Amino acid sequence: MQSTTRDESVIEISQVSTRFGDHVVHSGIDLEVRRAEIFALIGGSGSGKSTLLREMILLQRPDSGSIRVLGADLQALGDDEAVALRRRWGVMFQHGGLFGALTVTENVGLPLREHTGLADGLIDEIAAWKLSMTGLEPEVGAQYPSELSGGMMKRASLARALALDPELLFLDEPTAGLDPDSAGGVDQLVRGLRDLFGLTIVMITHDLDLLWQVADRVAVLGEGRVQGIGSMSELSRMDNPAIRKFFGGPRGRAAQEQEQQQAGARSSGEPGRPPSKPK
Amino acid sequence: MNPLLAAPAAIAQPTPHELALSGSWTARGIGAIEPQLAALSAPAKPELVVDGARIEALDTAGAWVLQKLLRRLRDEGTAVQVRDLRPGFATLLEIVGREVAGRTGAPIPVSGAPSSMLEGLGQGAEAAFKQAVALLSFIGESAIAFAGCIAHPSRFRWRPILYNIRSAGFDALPIVGLLSFLLGIVVAYQGADQLRRYGANIFVADLVGLSMLREFAPLIVALIVAGRSGSAYAAQIGTMSVTEEIDAMRTLGIAPLDLLVLPKILALLVALPLLTVFADVLGVFGGMIMAHAQLDVGYGEFLDRFVKAVSPTAFLIGICKAPVFAAIIAVVGCFQGFRTRGGADSVGRHTTLSVVQATFLVIVADALFSIAFSALGL
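Top to bottom, those sequences are chains S and H. Going by numbering that gives the first Met the number 0, the first sequence opens with residue 0, and the numbers climb by one from there. Going by numbering that gives the first Met the number 0, the second sequence opens with residue 0, and the numbers climb by one from there.
With the rest of the complex left out, here is chain S (with noise of 0.2 Å):
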């Protein structure tokens, strides 16, 4: 709970330059995240966007450039300083990332016990909490992470990345892999998420429903550069290349009518939506 404007920069990133060997992933990317806005980014296969969320996150560095973080600037950073860094965001994983020798709670709450002098007791109940808060049953909790399916997986390891309250959340492919009904829960998570504790939220998607219902803002990744920056209806109406193949397609048009019919409804119906608990 940050009692600080809208418009303040959460993540800078500016001339970002990353090789490996030869090939050069990005050359010079500009990016600004502001605070509570969900920003998304996208880009065909090996654009780099994995390699920009790692260089977010501190697990690799770019060859040059700099990248701010919550104030803080990541190349000039010490062992303590990246520890309270850390510490204030949650990284939801692809794959999950959870660890296979605790139970789904023990998860959850591995960053509380790590990091907090809280009882166990409450711990386990503030990691329940976090699992209902992801949509999941509270049977799930004490199984292990190989017993869950897909998007259990995914939902288990948001209510971790959620644990310590971060201000800041990445999510890697937060839709893929499940089935329609549970990517639809994701768009009013994600959703509930910032509009209940003013969350940041980046993300790494090609889930084009996701796209034009949830995110504020999304940057087109290609050939290296920042191709396009802006909102899904604003990138539908450029002209490079880059953007266009995301929307040309027909499931790139249907999203696109669809979110036109809702966004339709919406200025008719409610004002609003009511701060209910997410599912």
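By construction, these hints were calculated from the structure, which means they are not laboratory data. Incorrect hints may have been included.
The following label-pair restraints were derived from C-beta to C-beta distances [claimed, not checked]: (1) H:E243 - S:R236: 42 to 48 Å; (2) S:H94 - H:Q122: 31 to 37 Å; (3) S:R18 - H:D365: 42 to 48 Å; (4) S:A81 - H:A247: 51 to 57 Å; (5) S:A81 - H:A31: 23 to 29 Å; (6) S:H94 - H:R158: 47 to 53 Å.
So the derived list for chain H, only partly shown, Cβ under 7 Å to chain S, looks like this [claimed, not checked]: (7) E33; (8) Q35; (9) E98; (10) D303.
Just so you know, these numbers come straight off a predicted model, no measurement behind them. We treat Cβ as the ideally placed atom computed from N, Cα and C, and that holds for glycine.
Here the structure of chain S is known, so what remains is to put chain H in place on it, guided by the hints.
Same frame as chain S, but now just chain H:
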């Protein structure tokens, strides 16, 4: 706000019907005041005002603790009123309040109580029995697959067999050679003192020759290969079954036993006897050097005595153990690999088990061989 500098949460009771909250009520800040909260009791007068004006930060964990406190006080019959919270904090507290209310009477499922010793013993015995049955059925399946390959020799996969002979056999030559050489030195060195006392220096050739050829060479080779290759088999097959590669193989119509298990067993059946011969040579060579250095037994003398003392039977006894050890190592390694379920943790556990069980069974088999050979008078 730097979370490291934030003041921890604090609670004070300036008057009997007023609670003043301050500091950061966050997951990191509330650890210290939990016992204090538990000790708080409702005042005699059934009214209480909670002053939240000086709360600097509130997160879901803090709100959770605060709501639990409020609920408890209300359940005890106190009318509690919260005032002066920042608007954002009030919203959060309200959301959490709904959750706390919805959660009452929904116990978190607890895993079963710790079992008694007798129960544990019974479960352990049952698990061991089941595992033994599973191992037997695995051996049976492998035998059937082998019989199928004999009937249709085109089903044999020569490339993996040759590859495994190289990786388990040829690549192990340096370590096997070094260790058996050292073992020969140790045996000769330990025997030297005793033999010198009786002036029986030349019998060092009997000692080294018989012990290396009959016992030590096959055993040390089996132990090295169990640690080197048996564990690798378990880890490889285990990881493959975790990542659904085994299932993929089945759906593609490739029998995992044909591709993964039989080549490994056949390769070890070839490699282990050869490694044993190599270990025999290096072990005796080590003993010979030690005999020369400690007992003044020349190389020529040593070899003369060696040929007389050590019959080909002793050599063959050692060699015929090797294929049995090979089958044990390969079968146990592959079996444990196929039993892997779940994740990385399980791969580690079954890899360990493969080495422990293979080593155990190899030594048991060696003991049985000793009994059998002495009964046969060999």
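The hints, checked one at a time:
1. One distance hint, 42 to 48 Å for the beta-carbon pair E243 of chain H and R236 of chain S, holds here, with the actual separation near 44 Å.
2. Range check, H94 of chain S to Q122 of chain H: about 33 Å between beta-carbon atoms, so the 31 to 37 Å window is met.
3. At roughly 57 Å, the beta-carbon separation of R18 of chain S and D365 of chain H lies outside the given 42 to 48 Å, and the hint is violated.
4. The hinted range of 51 to 57 Å is not satisfied by A81 of chain S and A247 of chain H, whose Cβ atoms lie roughly 40 Å apart.
5. Our hint of 23 to 29 Å for A81 of chain S and A31 of chain H holds, since their Cβ atoms are close to 25 Å apart.
6. For H94 of chain S paired with R158 of chain H, a C-beta distance near 32 Å fails the hint of 47 to 53 Å.
7. Contact between E33 of chain H and chain S, as hinted, is supported at the beta carbon level, the nearest pair being about 6 Å apart and thus within 7 Å.
8. Because the smallest distance between the Cβ of Q35 of chain H and any Cβ of chain S comes to about 12 Å, over 7 Å, the interface hint for this residue is violated.
9. Because the beta carbon of E98 of chain H sits about 6 Å from the nearest beta carbon in chain S, less than 7 Å, this interface hint is met.
10. For D303 of chain H, the suggested interface contact is broken, since its CB lies about 61 Å from the closest CB of chain S, more than 7 Å.
Of the numbered hints stated above, those contradicted by the structure are hints 3, 4, 6, 8 and 10, listed in ascending order.
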